[in-house]
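A.B. asks: Protein chains in written order, with this note's numbering: chain A, 1 to 187; chain H, 1 to 101.
Possibly wrong hints are sitting among the right ones.
The calculated lysine-lysine pairs, modelled on DSS-like cross-linking and capped at a C-alpha distance of 25 Å, are [claimed, not checked]:
no., chain 1, residue 1, chain 2, residue 2
1, A, Lys97, H, Lys100
2, A, Lys97, A, Lys26
3, A, Lys26, A, Lys93
4, A, Lys93, H, Lys100
Footprint (simulated), chain A over chain H, 3 or more residues, beta carbon under 8 Å [claimed, not checked]:
no., region
5, 12-26
6, 39-52
7, 58-69
8, 72-82
In case anyone wonders, no lab produced these hints; they're calculated from the structure.
Note that beta-carbon positions come from the ideal geometry of N, C-alpha and C, so glycine has one too.
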Amino acid sequence: MNLDFAIFIVSALLAVSGAALMITLKNPVLAVMSMIVSLVAQAVLYIQLGALFIGAVLIIVYSGAIMVLFLFVIMLLNLRGAEDLGKQSSPVKLSLKFLFGLILFVELVFIIKTGFMHGNVEVGVLAESVNNFGSVAEVAKLLFTKYLYPFELTSILLLAAIVGAVVMSKRDDAETDTISDNNEVQS
Amino acid sequence: MELSITAYIIVAVVLFAIGTIGVLISRNIIMLFMSVELMLNAANLVLIAFSLKLNIMDGHAFVFLILTVAAAEAAVGLGMVINLYRNRETINIDRFNLLKW
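With the rest of the complex left out, here is chain H:
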């Protein structure tokens, strides 16, 4: 069996779907964050695969920038989680329904 780009894209799609399910079913804010990171990684895998396929390396630069954004997002998001936990004594997402109609 021949190894092709399509196989890697399929893996990325599976990871993205798992990340989506994780975002939907998690009741814990930290798990939700990690699922979002997983989806970001799946997108990165697609970028890397296509930059090999098209033989231009711009995808690598994009992935580098996405990694930086993900690191910044994780730092700020976890700071918010700590603040939320101090105020509400819980990290259950269903309890944060202040903005819900």
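Looking at chain A on its own, in the form it has when it is part of the complex:
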């Protein structure tokens, strides 16, 4: 039982329990907070797998930006919890849904157990890093050479997302404003 194994156990438990809390908690703000705990634990797992840059990006972009966006929307809509929603579906339906998730889990574990998991790799923060695996420089080298086109296309995607978000959440009374302005000018 070495240090890496202990780190793995703690962060895996945190990631899974945070995710489980996220789907069960009624209060949306608490759900977002438990999702943040899960994401930070997942970032620890990423770093253990040698993805130093991606782990940092996960914390900055996900638990920093996206989760704050969720919190912002929850507080804008003033959601409190179960009273905003209708009644829970029947226990039969609910247990069927859990059963479906369980079946999916068993299937995926079966696939992993039967396939292509031969050989072993040294995992963990204590393991020796080969050729700066996962460092910022290596990821940047890939992004700016082999994946240059997709990388440039993400800028268009983000621009479309910005415009889309603004158009989508804009109030429609801009048109009525111009109409009333015209009326005022005419009268």
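Chain A is fixed; fit chain H onto it per the hints.
C.D. replies: Showing chain H alone in chain A's frame:
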């Protein structure tokens, strides 16, 4: 006990299953979105694990691009949620059944 890639894949599978259950049982559109984000993260964890296993870093570039797509999706999706709430005064998914036969 030896720490191997399989352990990380198992964690990712558990997270993916939890995300699926969350998508199925949530009655709140925002919770549904967060469950989808969780499933995306589980897929990312698998990509990272296999790129260490195969010792090629392309998985990291893919995860970077997936993170960008997830950010764009969250921004647009939450804009849609705000618009829906303005029109229907609710975020309960069962109330949005206009396209249901």
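A.B. asks: Of the numbered hints stated earlier in the document, which are not met by this structure?
C.D. replies: none
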